[in-house]
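Student: Top to bottom, those sequences are chains S and X. Taking our numbering, the leading residue of the first sequence gets 124, the next gets one more, and so forth. Taking our numbering, the leading residue of the second sequence gets 124, the next gets one more, and so forth.
One or more of the hints may lead you astray.
Take a look, some chain X residues computed to stay more than 10 Å from chain S by CB distance [claimed, not checked]: (1) Met-144; (2) Glu-208; (3) Tyr-220; (4) Leu-223; (5) Asp-224; (6) Arg-235; (7) Lys-248; (8) Arg-273; (9) Gln-318; (10) Ser-347; (11) His-350.
Heads up, incomplete: computed chain X residues facing chain S, CB under 7 Å, no partners named [stated by the list, open to error]: (12) Asn-251; (13) Leu-274; (14) Ala-275.
Read the hints as simulated data drawn from the structure, not as lab findings. Quick reminder that beta carbons are idealized off the backbone N, C-alpha and C, glycines included.
If you want the building blocks of each chain, they are given just below.
There are 2 protein chains.
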Amino acid sequence: MQQEATRLLQAGNTIALVPTMGYFHEGHLALMREGRKQGDALITSIFVNPTQFGPSEDFQAYPRDLNRDARLAESVGVDVIFAPEAEMMYDQGHQTYVTLDALSLYLCGPSRPGHFRGVATVVTKLFNIVRPQVALFGEKDYQQLAVIRRLARDLYFDVRIIGVPTVREADGLAMSSRNTYLSPDERRSALSIHQSIQLAQEGVAKGIKDARQLVAETSGLIHSHPHTKIDYVTLCDPETLEDVKRVDEPSLMALAVWVGHTRLIDNAILTP
Amino acid sequence: MQQEATRLLQAGNTIALVPTMGYFHEGHLALMREGRKQGDALITSIFVNPTQFGPSEDFQAYPRDLNRDARLAESVGVDVIFAPEAEMMYDQGHQTYVTLDALSLYLCGPSRPGHFRGVATVVTKLFNIVRPQVALFGEKDYQQLAVIRRLARDLYFDVRIIGVPTVREADGLAMSSRNTYLSPDERRSALSIHQSIQLAQEGVAKGIKDARQLVAETSGLIHSHPHTKIDYVTLCDPETLEDVKRVDEPSLMALAVWVGHTRLIDNAILTP
Numbered sequence: 124m125q126q127e128a129t130r131l132l133q134a135g136n137t138i139a140l141v142p143t144m145g146y147f148h149e150g151h152l153a154l155m156r157e158g159r160k161q162g163d164a165l166i167t168s169i170f171v172n173p174t175q176f177g178p179s180e181d182f183q184a185y186p187r188d189l190n191r192d193a194r195l196a197e198s199v200g201v202d203v204i205f206a207p208e209a210e211m212m213y214d215q216g217h218q219t220y221v222t223l224d225a226l227s228l229y230l231c232g233p234s235r236p237g238h239f240r241g242v243a244t245v246v247t248k249l250f251n252i253v254r255p256q257v258a259l260f261g262e263k264d265y266q267q268l269a270v271i272r273r274l275a276r277d278l279y280f281d282v283r284i285i286g287v288p289t290v291r292e293a294d295g296l297a298m299s300s301r302n303t304y305l306s307p308d309e310r311r312s313a314l315s316i317h318q319s320i321q322l323a324q325e326g327v328a329k330g331i332k333d334a335r336q337l338v339a340e341t342s343g344l345i346h347s348h349p350h351t352k353i354d355y356v357t358l359c360d361p362e363t364l365e366d367v368k369r370v371d372e373p374s375l376m377a378l379a380v381w382v383g384h385t386r387l388i389d390n391a392i393l394t395p
Numbered sequence: 124m125q126q127e128a129t130r131l132l133q134a135g136n137t138i139a140l141v142p143t144m145g146y147f148h149e150g151h152l153a154l155m156r157e158g159r160k161q162g163d164a165l166i167t168s169i170f171v172n173p174t175q176f177g178p179s180e181d182f183q184a185y186p187r188d189l190n191r192d193a194r195l196a197e198s199v200g201v202d203v204i205f206a207p208e209a210e211m212m213y214d215q216g217h218q219t220y221v222t223l224d225a226l227s228l229y230l231c232g233p234s235r236p237g238h239f240r241g242v243a244t245v246v247t248k249l250f251n252i253v254r255p256q257v258a259l260f261g262e263k264d265y266q267q268l269a270v271i272r273r274l275a276r277d278l279y280f281d282v283r284i285i286g287v288p289t290v291r292e293a294d295g296l297a298m299s300s301r302n303t304y305l306s307p308d309e310r311r312s313a314l315s316i317h318q319s320i321q322l323a324q325e326g327v328a329k330g331i332k333d334a335r336q337l338v339a340e341t342s343g344l345i346h347s348h349p350h351t352k353i354d355y356v357t358l359c360d361p362e363t364l365e366d367v368k369r370v371d372e373p374s375l376m377a378l379a380v381w382v383g384h385t386r387l388i389d390n391a392i393l394t395p
């Protein structure tokens, strides 16, 4: 892959990279369609990265289907699929990690210790292997996007980071490979995540600015659905991810909710 | 610098980088002379990196002389000096660090917490800014060299790391910018560091293999000189830096010694 990237760059191509864990849905394909516009050469990586899963998380169960992914990637114009083995990405004696201080502490940080270290490390490797000028990430994983923007800036990667809006099912549920874990009952309850964000958006539109009140109404709606358990509902600064007390500026509402055994995330910017 | 590096690469040059903290002595110039052979474009960075100094260390006192350094660099054929300000290398909100697990734990690790994190972070930045194909580091800072070799491998930097042998004064003292801190009395005592390594080399040549005995004789010689205080004397595996009990294979003798208020390091491979 590194040799191929060097060849592409020496031939004057701009490389666009869409890093993924595979099992593609419309959200991934939206990233690739945008990447197709941004680069002469469009590369998608497929790698279920072990270091970003905690010991009790779903690394083994995470859905995989490389053949189907390859067909879908080809259909949207991907030039190269880079699907390394874990033993290649982390060879024997591997011990180097990339960490971020503040941005790892908020939102998903406390319930997923080590997760963003794993993300930052694998993205650093991918950037050095694929050598993109442009890389695209979904806004659904908002904290991941913030971490990668900061990482690219701090480590002076000459890579433009592009966030692509969340793609949703017709009823509003944010697309996620993990949605396949949901039973029909759970699928109905999962809809409360998006609905609760809409409720907060309506609250802000009506002039409510108190973060505690907005979070309480959001949480209340989710709690009223069976199978749900809130990990967090937060209103925070969109860049630093630090909590805000009032929505005086555009603020990020981010939440993580267990629906049965499946942990789902979603977010939106609330603009007063 | 990043634009200049891109221009040099697009014109087909091989870039060789010698990262330094400045205040050049013959050791630095040896790195540059070797770099001159390895690259079409030879770049030296001069940056006293704050994140690799502990709070009680000599960051402020570290000697600096950019004008003299520029003349010396030019005299050995350096094409570009990259001397950034600290505010540029670590902008407001900087929070991304590169860490190594095992290699940071040994030798200088315990007495310099955070040091190798600082080294690994700044070298990652420098690699992304200067974009070298070759980078040269002195063998005097053996652990640093081991850390950077591992870092380059783990993060897939396409950079060849070259170690350059330690340059010594006529009497054997390893060259170091910190030697300028020594009083004439301390300068005499500092010589015991190299002499003690020679004693261990003679011991191994005579067939002594027990690490404890070799370390005891080394330490004894240093202790017999005034103003000295040993931080560590270690015999270890040259790649993993894990302690060895016997010198059955080529082993690294590494030591750090306080001479007055100055901490000096030196090392050699002992070959049975």
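Student: Evaluate each hint against the coordinates.
Tutor: Each hint tested on the structure:
no., hint, verdict
1, Met-144, "19 Å, holds"
2, Glu-208, "14 Å, holds"
3, Tyr-220, "5 Å, violated"
4, Leu-223, "5 Å, violated"
5, Asp-224, "4 Å, violated"
6, Arg-235, "18 Å, holds"
7, Lys-248, "5 Å, violated"
8, Arg-273, "6 Å, violated"
9, Gln-318, "34 Å, holds"
10, Ser-347, "38 Å, holds"
11, His-350, "37 Å, holds"
12, Asn-251, "4 Å, holds"
13, Leu-274, "5 Å, holds"
14, Ala-275, "9 Å, violated"
Checked against the numbered hints above, the structure violates hints 3, 4, 5, 7, 8, 14; every other hint is satisfied.
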